[in-house]
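In case you want the letters, here they are:
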Amino acid sequence: ETGVTQTPRHLVMGMTNKKSLKCEQHLGHNAMYWYKQSAKKPLELMFVYSLEERVENNSVPSRFSPECPNSSHLFLHLHTLQPEDSALYLCASSQDTAVGYNEQFFGPGTRLTVL
Amino acid sequence: AQSVAQPEDQVNVAEGNPLTVKCTYSVSGNPYLFWYVQYPNRGLQFLLKYITGDNLVKGSYGFEAEFNKSQTSFHLKKPSALVSDSALYFCAVRDITGSGGYNKLIFGAGTRLAVHP
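Quick mapping for you: the protein sequence lines, in order, are chains B and W.
Those letters in the first sequence? Residues 5 to 119, per the working numbering, in order.
Those letters in the second sequence? Residues 935 to 1051, per the working numbering, in order.
If you're looking for bench data, these hints aren't it; they were derived computationally from the structure.
Small disclaimer: the values here were computed from a predicted structure and weren't measured.
There could be a bad hint or two in this list.
Counterexamples of contact, computed for chain B against chain W with all Cβ distances above 10 Å [claimed, not checked]:
#, residue
1, Thr6
2, Gln10
3, Pro12
4, Met19
5, Leu47
6, Ser66
7, Leu94
8, Gln108
9, Pro112
10, Gly113
11, Val118
The calculated label-pair distances, taken between Cβ atoms and stated as ranges, are [stated by the list, open to error]:
#, chain 1, residue 1, chain 2, residue 2, range
12, B, Glu88, W, Ser1014, 26 to 34 Å
13, B, His14, W, Thr954, 48 to 56 Å
14, B, Glu57, W, Lys1011, 23 to 31 Å
15, W, Ser937, B, Ser63, 36 to 44 Å
16, B, Glu88, W, Gly950, 38 to 46 Å
17, B, Asn61, W, Asp988, 23 to 31 Å
18, W, Gln944, B, Glu48, 17 to 25 Å
19, B, His83, W, Asn951, 44 to 52 Å
20, W, Gln944, B, Glu56, 37 to 45 Å
21, B, Pro73, W, Ser1014, 33 to 41 Å
22, W, Pro1051, B, Glu57, 31 to 39 Å
23, B, Lys22, W, Gln1005, 48 to 56 Å
24, W, Pro941, B, Ala43, 17 to 25 Å
25, W, Gln1005, B, Arg13, 16 to 24 Å
Even glycine gets a Cβ: it sits at the ideal position worked out from N, Cα and C.
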């Protein structure tokens, strides 16, 4: 176990549904990340939160909405998704300083299927 | 632009033989380099990192990586492969073009390692 948990592990949703992915880290880290992993594509960084403030948003469609209520929890709210959004969504956390070379710890991911 | 490349989609090796998974990078300034492994239906697990110092870095599960500045490479190695090492391996480099205070990584496309009995 890496100290980062994600729920649910699997999610099937229709294009009109609204759902949320949850991530929790038990490591006392100050930065959290959402990644999208699609088959045969490099890992895509979606959002970064540092000290609960969003510091990066990599041109992600507005149908994905992140939320970081505190340093231990990160959510990804989903609405009106498209089939091409089907992927493994990974959460990660790290303890970061201005130097920034600490490794990220990943959760097991949520396998999302959009019908 | 900063980037990392893993030239092999798949590496096949017999159990007990040494293995190498290749990674090359392109960065401005000093590189911070990482290796991660992903087993089926799991997230990525950290194996090792190079920040500074000794060019040979030792990590988890008997893996090591050699930093070569002149060749801009950071190849992952293991002296004797196990069937259980079969997984997807990712090389990553810290992206310094982002703002400070967090560790933004650029990942390679991944190399699938298959170790045969």
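A quick look at each hint next to the structure:
{"no.": "1", "hint": "Thr6", "result": "7 Å, violated"}
{"no.": "2", "hint": "Gln10", "result": "8 Å, violated"}
{"no.": "3", "hint": "Pro12", "result": "13 Å, holds"}
{"no.": "4", "hint": "Met19", "result": "25 Å, holds"}
{"no.": "5", "hint": "Leu47", "result": "4 Å, violated"}
{"no.": "6", "hint": "Ser66", "result": "22 Å, holds"}
{"no.": "7", "hint": "Leu94", "result": "5 Å, violated"}
{"no.": "8", "hint": "Gln108", "result": "7 Å, violated"}
{"no.": "9", "hint": "Pro112", "result": "5 Å, violated"}
{"no.": "10", "hint": "Gly113", "result": "5 Å, violated"}
{"no.": "11", "hint": "Val118", "result": "19 Å, holds"}
{"no.": "12", "hint": "Glu88(B) with Ser1014(W): 26 to 34 Å", "result": "42 Å, violated"}
{"no.": "13", "hint": "His14(B) with Thr954(W): 48 to 56 Å", "result": "35 Å, violated"}
{"no.": "14", "hint": "Glu57(B) with Lys1011(W): 23 to 31 Å", "result": "39 Å, violated"}
{"no.": "15", "hint": "Ser937(W) with Ser63(B): 36 to 44 Å", "result": "18 Å, violated"}
{"no.": "16", "hint": "Glu88(B) with Gly950(W): 38 to 46 Å", "result": "42 Å, holds"}
{"no.": "17", "hint": "Asn61(B) with Asp988(W): 23 to 31 Å", "result": "38 Å, violated"}
{"no.": "18", "hint": "Gln944(W) with Glu48(B): 17 to 25 Å", "result": "22 Å, holds"}
{"no.": "19", "hint": "His83(B) with Asn951(W): 44 to 52 Å", "result": "50 Å, holds"}
{"no.": "20", "hint": "Gln944(W) with Glu56(B): 37 to 45 Å", "result": "40 Å, holds"}
{"no.": "21", "hint": "Pro73(B) with Ser1014(W): 33 to 41 Å", "result": "47 Å, violated"}
{"no.": "22", "hint": "Pro1051(W) with Glu57(B): 31 to 39 Å", "result": "50 Å, violated"}
{"no.": "23", "hint": "Lys22(B) with Gln1005(W): 48 to 56 Å", "result": "50 Å, holds"}
{"no.": "24", "hint": "Pro941(W) with Ala43(B): 17 to 25 Å", "result": "20 Å, holds"}
{"no.": "25", "hint": "Gln1005(W) with Arg13(B): 16 to 24 Å", "result": "40 Å, violated"}
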